[in-house]
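These protein sequence lines are chains Y and G, in that order.
Sequential numbering of the first sequence, starting at 0, is according to numbering that gives the first Met the number 0.
Sequential numbering of the second sequence, starting at 0, is according to numbering that gives the first Met the number 0.
Bear in mind the hints are in silico, worked out from the structure with no lab data behind them.
Cβ coordinates follow ideal geometry from the N, Cα and C atoms, glycine included.
The reader is advised that the hints may include incorrect statements.
What the hints assert, rightly or not - Label pairs and their in silico Cβ distance ranges:
| id | chain 1 | residue 1 | chain 2 | residue 2 | range |
| --- | --- | --- | --- | --- | --- |
| 1 | Y | Lys-43 | G | Ala-361 | 33 to 43 Å |
| 2 | G | Thr-332 | Y | Thr-70 | 25 to 35 Å |
| 3 | G | Asp-273 | Y | Thr-70 | 35 to 45 Å |
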Amino acid sequence: MFAEIRQFIESPDPARFGELALAVFRFQYDGNEPYRRFCQRRAKDPATVHDWTGIPAVPVSAFRHADLAVTGPGEGRMFLTSGTTRGPEMRGRHRVADLSIYRVAALRQFARWVLPDGARPRLLVLAPRFAEQPQSSLCQMIEWIAEAFTGAPAEYFVAGGELRVAALVARLRELEPVREPILLLGVTHAFIRFLDHCQTEGLRFRLPYASRIVDTGGTKGRSRPMSRNGLLRAFWEYFGVPGYYVTNEYGMTEMCSQFYDDAIRNHVEGHKRDRAKIAPPWVRTEVVSAETLAPVPRGERGLLRHLDLANVGSVAALQTEDVGVEVGEGFEILGRVEGAEPRGCSLLLQEFVG
Amino acid sequence: MIGRAGWLPPGAEPREREESFGKRRLLVPDLAPVEIHALLGRLRRRAETLPARDDRIAAIARAALRFLDPADPLARRAADLLPGVTGFSPEMIREVLPRIFAALDEATLGGIVAEARGAVHPLVAIVAAGNVPGVALPKMALALAAGSACLVKCAQGEPVLAPLFAAALAAESAALGSATAVAWWKGGANAWEEEVQRTADSLIAYGSDEAIAGIARRAPATFVAHGHRLSIALVDLARAVTVEPIAEAAALDVTLYDQLGCLSPQCIYVTGGDAAGRAAFVAALARSLERLARLLPRGEAPAEASAAIRRVRDEIEWRELAGEPVRVLASDTGTTWTVIEEASEGFRPSPLYRTIFVRPLARAEGLRAALGAALRRVECAGVAPWPHEEIASALAASGIANVVPLGRMQSPTLRWRQGGNPPLAGIERTSA
Chain Y
0 MFAEIRQFIE SPDPARFGEL ALAVFRFQYD GNEPYRRFCQ RRAKDPATVH
50 DWTGIPAVPV SAFRHADLAV TGPGEGRMFL TSGTTRGPEM RGRHRVADLS
100 IYRVAALRQF ARWVLPDGAR PRLLVLAPRF AEQPQSSLCQ MIEWIAEAFT
150 GAPAEYFVAG GELRVAALVA RLRELEPVRE PILLLGVTHA FIRFLDHCQT
200 EGLRFRLPYA SRIVDTGGTK GRSRPMSRNG LLRAFWEYFG VPGYYVTNEY
250 GMTEMCSQFY DDAIRNHVEG HKRDRAKIAP PWVRTEVVSA ETLAPVPRGE
300 RGLLRHLDLA NVGSVAALQT EDVGVEVGEG FEILGRVEGA EPRGCSLLLQ
350 EFVG
Chain G
0 MIGRAGWLPP GAEPREREES FGKRRLLVPD LAPVEIHALL GRLRRRAETL
50 PARDDRIAAI ARAALRFLDP ADPLARRAAD LLPGVTGFSP EMIREVLPRI
100 FAALDEATLG GIVAEARGAV HPLVAIVAAG NVPGVALPKM ALALAAGSAC
150 LVKCAQGEPV LAPLFAAALA AESAALGSAT AVAWWKGGAN AWEEEVQRTA
200 DSLIAYGSDE AIAGIARRAP ATFVAHGHRL SIALVDLARA VTVEPIAEAA
250 ALDVTLYDQL GCLSPQCIYV TGGDAAGRAA FVAALARSLE RLARLLPRGE
300 APAEASAAIR RVRDEIEWRE LAGEPVRVLA SDTGTTWTVI EEASEGFRPS
350 PLYRTIFVRP LARAEGLRAA LGAALRRVEC AGVAPWPHEE IASALAASGI
400 ANVVPLGRMQ SPTLRWRQGG NPPLAGIERT SA
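Chain Y on its own, in the form it takes in the complex (with noise of 0.2 Å):
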C-alpha cells in the first residue's frame, strides 16, 4: 500500500483517486484497530461504503487520546503537537510510519506552490532547528526544504524558544544588497514579533527581487492577532515583499500533506485571481457543517475535512475544526472555530475561569 501512494503522490492519475482511498480505508481499517473501532460504531466497514466521501473522517483531536496508526509496517517516527493551546497532557502524537511518503509529499507541494519558478533562494528560518525539536512535524519539513532546495546552507533564527532578533537584523541587512533571492520561511507568530520589533525601531528592509515568505501556524495566544491582509501589507512595508510572493501554509501534525496559498504561483503564471489553497491531487478537502457534518453549499462557511492519502499509515479521513470556505479551485482558511458567544443566562464553558 506504501509503495502504491508514494508512486501517486510522485505521479498523480486524479482519476485513480477514489479508488485508492477506498484502498487506503481497507488497509486502515484492517490495521489500525482504535480507527477499526471507530468506524465499527457507526455501522461503516469497507464492504459498505463505496465512495471516498463516506469514509469515517476521524476528529483530530483523537490523535491526543489514542496512537491512530496502522500496525505491521514498523515504528517510524512520532511527530507530536506543539501542545500550547491545551497545555502539555493533551499533546496530539501522529506516527508516521514512512517517511519516505511525508518527504514526497512534502517536497512536492511547496515545490508546487512556492518555487513554481524554479527558484533557489537561500533560507532563512524563523522557526527552531529540527534537531532542537524533533518532534515537531514542522521542524522536519523545514529541514527536508533545506536539503533539496536551496544552494546554501540553511540559516536558523529562532533557538532556545527565542526569536534572534538582532542576529536576523544584522543578516537581512548583509543580504539586502546581494542580488539574490531570498525565502523567509516561519510561523506567523515569530514573523509578527520581527515585525513588531521593525516598528519600534524604525526598521526598514528592500529584500532582492523574487524574494518570498511562507508563513505558517496561526498567532493565537502567541502574540497580537493580526488579519491577513494586516500581514501582507506588513510583509511589503518592512521587508519590500509583494503579496505575490507570500504564501501561508496550512498543515498540522496529524496530517502528513500540506496546503499552500497559490498566490506565487498565480504570480509566476501570469493568473489574476483571489489566493486560496489548493489541495495536491492525493487530498480531498470538503467543508461541512458544524452541526451536522454534511457538506454545506458551496460558499458558505463550514469545517474542513480532508482525505488525505499521504496519511496511508494512520488514518486519511480527518474532521478539523478549521473553518473555511471554498474558494475557486479550492478554499481558504478563516480560523479556528471558537467559543460561542453567550445567549442565554446560563454560565459557558469560556465565561468559566472559577
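Starting from the known structure of chain Y, fit chain G onto it as the hints suggest.
Just chain G, lined up with the frame of chain Y:
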C-alpha cells in the same frame, strides 16, 4: 405589522427607529436626552399615584393571565415574534409562555408584598439580557406590585415580552401603565444610562460578568446584579422505584430553553444504586431527550456551539475507545441532544444546547467538593425523588439557595431566591 422592542406610557409620541433583533426587525423608541430625562422624572413621580396594593396586584395578575390564553392577541403576538428574535423553536416558545406568566399569580405576589418590611424605591430600573424569554418579568411584576414605578431595558436577545406585558398592564390599569416604560438601547455610556444613574433609585441588572461590570460603573446607589449562573441536579437511585419518571423530569429540565437558562442543569449527579442502575438511568434519559427533541425541537445552534458539542462527544468517545469507563449517547443526526456519562465526581461546564453530563456521587455531602469552584455559581439544584430530606439538607449546607423537585427547575415561582437574594432585593429599600 412590525413589532416593537419598547413600550412608553401614554402621552409621549416618540420617534421610533428600526433595529435588528435576531432574524426580525423591530421598532425601538428613539428619544432625545431631554425626553429621556422627562420620561424618567415622570415615571418616578407616578409611583405616588399607583392604585391601592390589592388593586394593582389584581391588575398585574390579570395582565399575566392574558398570556395563558393562546388566542389572546398579545399572546399571539408573543408567539409570532419570539422564535425569530430568540432563535428558539415555535414549539418551545408555545411551551414556555404559559410557564413564564403562570408564575405571576395574585396569591404569590400578594404574599411577597405583604411580607415587605419597609418602603420601596420609587423608580426601579431593570436591565435584562440574553435570549431566554421573560427574564425581566418577575422583577417587573414584583416592583409594580410593591409600589415602585419601573423602567425596563429589554434584552437584545429577547425584546418582546416586556413591552407586551407593559401593554397588557396598561390595558388593565391605566395608572399601572403610566408607571411603566420599556426601552432598548445599545449598552455603554449614553443618555439612557446617565439618566438611569441620575434618576432611578435602584438598578437590577442581568448579564455576563463583563456586561455587569460595565453597567456597575454607571449604576445608582442600589445595584443588584444577576450574572450568569448554572444549575445542577441530584438523583438518588437508591430511593427510586423506577428510573423512567426521573429521567423524564431531568430531560424536561435540560430541554426547556435548550439548556440556555441559568436554571438549566449542566450536570446530573447520581447517588445510590450501582453502575448498572446508572447505566439504566442514562439510557432512559437519552430516550426522554430524543422524545422531547421531537416534541420541542431545538433552536438553531451557532456553529461554535455545535463544534463545542462535537469536541466533547469526540473526546468522550475516544476516551471510551481507550478503555475508560465513560460513555456518550447522542442524537443520530446533528448535535440535538447529548448525554455524557462520566466516571468521576467533579464538574466541567457543558457546551449547552441539550448536552448533559451524568456523574456518580458517592454521598450527597460530597457535592461541595465535586463542584469545587463552580459551587459559588450554582443557582438551583433539582432533586429526585422528591421530597428528600437528606439531600435537601446537604444542598442547603453547601449554600445552594434554590432546591426544587427535578422537572420543576424551569418553573420558578416568584419566591425564587435569584442569586441567593430575597425576591424584593433591589425593590425594597431595606433589602439593598
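Exercise. Is the distance from the Cβ of Y/Lys-43 to the Cβ of G/Ala-361 consistent with 33 to 43 Å?
Worked result: Since Y/Lys-43 and G/Ala-361 have Cβ atoms about 39 Å apart, the given range 33 to 43 Å holds.
Problem set entry | Verdict for G/Asp-273, Y/Thr-70 (Cβ pair) under range 35 to 45 Å | Taking Cβ atoms as reference, G/Asp-273 and Y/Thr-70 lie about 37 Å apart, which means the hint holds.
Exercise. Does the Cβ distance between G/Thr-332 and Y/Thr-70 fall inside 25 to 35 Å?
Worked result: For G/Thr-332 and Y/Thr-70 the Cβ distance comes to about 33 Å; the hint holds.
Comparing the model with each earlier hint shows no violations; every hint is respected.
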